[in-house]
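Novice: Here is how the chains run, residue by residue.
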Amino acid sequence: MKRKTQRANCLWSVVMTIVCVLYLYPIFMVLMNSLKVENAISTSTAFELPTAETFAGLANYENAISVQGFLSSLFYTTFITVTSVLAILIFCSMFAWYITRVNTKVTKALYLLCAFSMVVPFQMVMFTLSSIADTLKLNTPWVLWIIYLGFGAGLAVFMFCGFMRSVPIDMEEASLIDGCSPLQTYFYIVFPLLRPTMISVAVLEAMWIWNDYLLPTLILDLENYKTISMLIQMFRGSYGRVEMGPMMACIMLAILPIIVVYLVGQKYIIKGVVAGAVKG
Amino acid sequence: MQKAIKRYWPIFVLPTLAAFIIGFIIPFIQGVYLAFCQFTTVRDATFNGISNFIRALSDNTFTHAFWYNCAFVVVTTIAINVGGLVVALILTKAIRGRNIFRTVFFMPNLIGGIVLGYIWQILLNCVLSLLERPLLNLDATAGFWGLVILMCWQQIGYMMIIYVAGLQSIPDTLVEAAEIDGATRWQTFWRVKLPMLMPSITICLFLTITNSFKLFDQNMALTGGQPAHQSELLAYNIYYTFYGRSGPQWRGIGQAKAVIFCAIVVVIALVQLRLTRRREVQQ
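These protein sequence lines map, in sequence, to chains R and W.
Residue numbers for the first sequence follow the numbering used here, so the first one is 3 and each next one is one higher.
Residue numbers for the second sequence follow the numbering used here, so the first one is 2 and each next one is one higher.
Among these hints, one or two may not hold up.
Below, in silico cross-link-like pairs of lysine to aspartate or glutamate (EDC-like), each with a Cα-Cα straight-line distance of 20 Å or less [as the list claims (entries may be wrong)]:
| no. | chain 1 | residue 1 | chain 2 | residue 2 |
| --- | --- | --- | --- | --- |
| 1 | W | LYS4 | R | ASP172 |
| 2 | W | LYS94 | W | GLU177 |
| 3 | W | LYS194 | W | ASP182 |
| 4 | R | LYS6 | W | GLU180 |
| 5 | R | LYS6 | W | GLU177 |
| 6 | W | LYS4 | R | ASP180 |
| 7 | W | LYS4 | R | GLU175 |
| 8 | R | LYS139 | R | ASP223 |
| 9 | W | LYS194 | W | ASP173 |
| 10 | W | LYS7 | R | ASP172 |
| 11 | W | LYS194 | W | GLU177 |
| 12 | R | LYS139 | R | GLU225 |
Keep in mind that the hints were calculated from the coordinates and are not lab data.
Taking the hints into account, I'd like the entire structure generated from these sequences.
Specialist: Take a look at the structure:
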């Protein structure tokens, strides 16, 4: 019996290895094509390895960085993601603590509004939001975090509130009685307790903001600021022939930092996703 | 305690509340109002009653997008959840290298919709051209199944992670007791594991349904609605009505479509909420 299951597990291992190789093939295909010269990339030969004649070395990558401006896109995307996630973590957790600890009709209404905003699709507000962002001059990457804080608040507040309800109030009361101000109580007592939820929220919001396409496209000035998603979409959006080689290189460069971050922080990312799913 | 905290509301509440008002409340209210107006910018809106809604519902591309989207939701929800559960069942066995397999399956989730769309466009077009069939942007059926494959590739890993967590939380004693009582593997799965997994299943169903309903980036990158609006999902249809069409009436119609779309998504969410609540009572 035991030997039989062992053999079955071995077989599953082999099957899963094959499935995983197939699963990774699309990325490998992009890598292959990013190393070909421009006129060797065509629809019907996408699966062929580059040959001596069609091998382009790193020329496409050089083009992506020097001509297409990949590095500035990488900078804007990173900047927007980091500032937005930090803002969401700090301000939304404070907001959530206030509305769980202060029990009035207003705080209840705010909680429900936040939960509601999680459900509303972006298309509902895309036009009005971009016109408001224009009027308030929020249309640069430096202040885009304000928009993300507003539109991403729903999920963050919802998750923080879910956690804070399970935290006993005694410690906070004790610290208030001992003479801490609410701000000190929050940052010395509550904030450290929030770490696991912070990681979940950070992972979920970062995954969304890093890859978001429509919001930055509608709000940012296309001429001056492009995030990575916008840059890749621009290859298709512009008229004339699509430069396939540099596009493949850009896709590869866009995937690379994600894979690195994933392999380094895998434990946290997967934990964050599970916790977020259970509460969301 | 409440009183002490209350005085600090400008510090705790104001930053998020201000951003929330700018980023959600005002745009939402204005959006609902504009659905009843003809406009090209926010300032030149003139009220015209429900005529936007009537025109939106009589727009063939919108009704087509609705049914296309429904079919898409049904197919992807089944495919992704069955796929995710099967992979989770295999990867909770004592297999060598299962952590590596989990890592690989989850990875496509982190890649953005636009990037995924272009990767699969190249791949599927190559397959289609080798089979000597019309390319993605000429064949709506190919576009549909292409999008289904893309979504499976992206989401199976995510659902697998949730199902793995669900399977691991089932106590071993339950499964062992079933085996001692003479249950076959098949029976153990259907009668013991599956009922214990119900919370995970509800979450995953809800996630896949809303994801598929709200899908935009992948749809735009993979087919862009080609050919002739035949492969448009609702979100892309609304986007195209806003920014792809010329004529003063289209923005109002687009906003009306967005309100209808929003209502559909909210109804699904409410149904989901009730289902989970009922289950909590049972437990």
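Novice: Each hint needs a verdict: does it hold in this structure or not?
Specialist: Quick rundown of the hints versus the structure:
1. For the proposed pair LYS4 (chain W) and ASP172 (chain R), the alpha carbon gap of about 16 Å is at most 20 Å, so the pair holds.
2. Of the pairs offered as hints, the one joining LYS94 (chain W) and GLU177 (chain W) holds, with about 15 Å between alpha carbons and a cut-off of 20 Å not exceeded.
3. A threshold of 20 Å between alpha carbons decides the hint, and for LYS194 (chain W) with ASP182 (chain W) the separation of about 15 Å falls inside it, so the pair holds.
4. In summary, the hint linking LYS6 (chain R) to GLU180 (chain W) is supported, as the alpha carbons are separated by about 17 Å, within the 20 Å threshold.
5. Distance check on the hinted pair: LYS6 (chain R) and GLU177 (chain W) sit about 18 Å apart at the alpha-carbon level, within 20 Å; holds.
6. Proximity of LYS4 (chain W) to ASP180 (chain R) is assessed by CA-CA distance (about 16 Å); at most 20 Å being required, the pair is judged to hold.
7. Restraint check for LYS4 (chain W) and GLU175 (chain R): the C-alpha separation of about 12 Å stays at or below 20 Å, so the hint holds.
8. A distance of roughly 11 Å separates the Cα atoms of LYS139 (chain R) and ASP223 (chain R); the hinted pair therefore holds under the 20 Å criterion.
9. Restraint check for LYS194 (chain W) and ASP173 (chain W): the C-alpha separation of about 10 Å stays at or below 20 Å, so the hint holds.
10. Under the criterion of a C-alpha separation no larger than 20 Å, the hint pairing LYS7 (chain W) with ASP172 (chain R) is consistent with the structure, at around 18 Å.
11. Distance restraint check for LYS194 (chain W) and GLU177 (chain W): the Cα-Cα separation of roughly 12 Å lies within the 20 Å cut-off, and the hinted pair is therefore satisfied.
12. A C-alpha spacing of about 16 Å is found between LYS139 (chain R) and GLU225 (chain R), which places the hinted pair at or below 20 Å, so the restraint holds.
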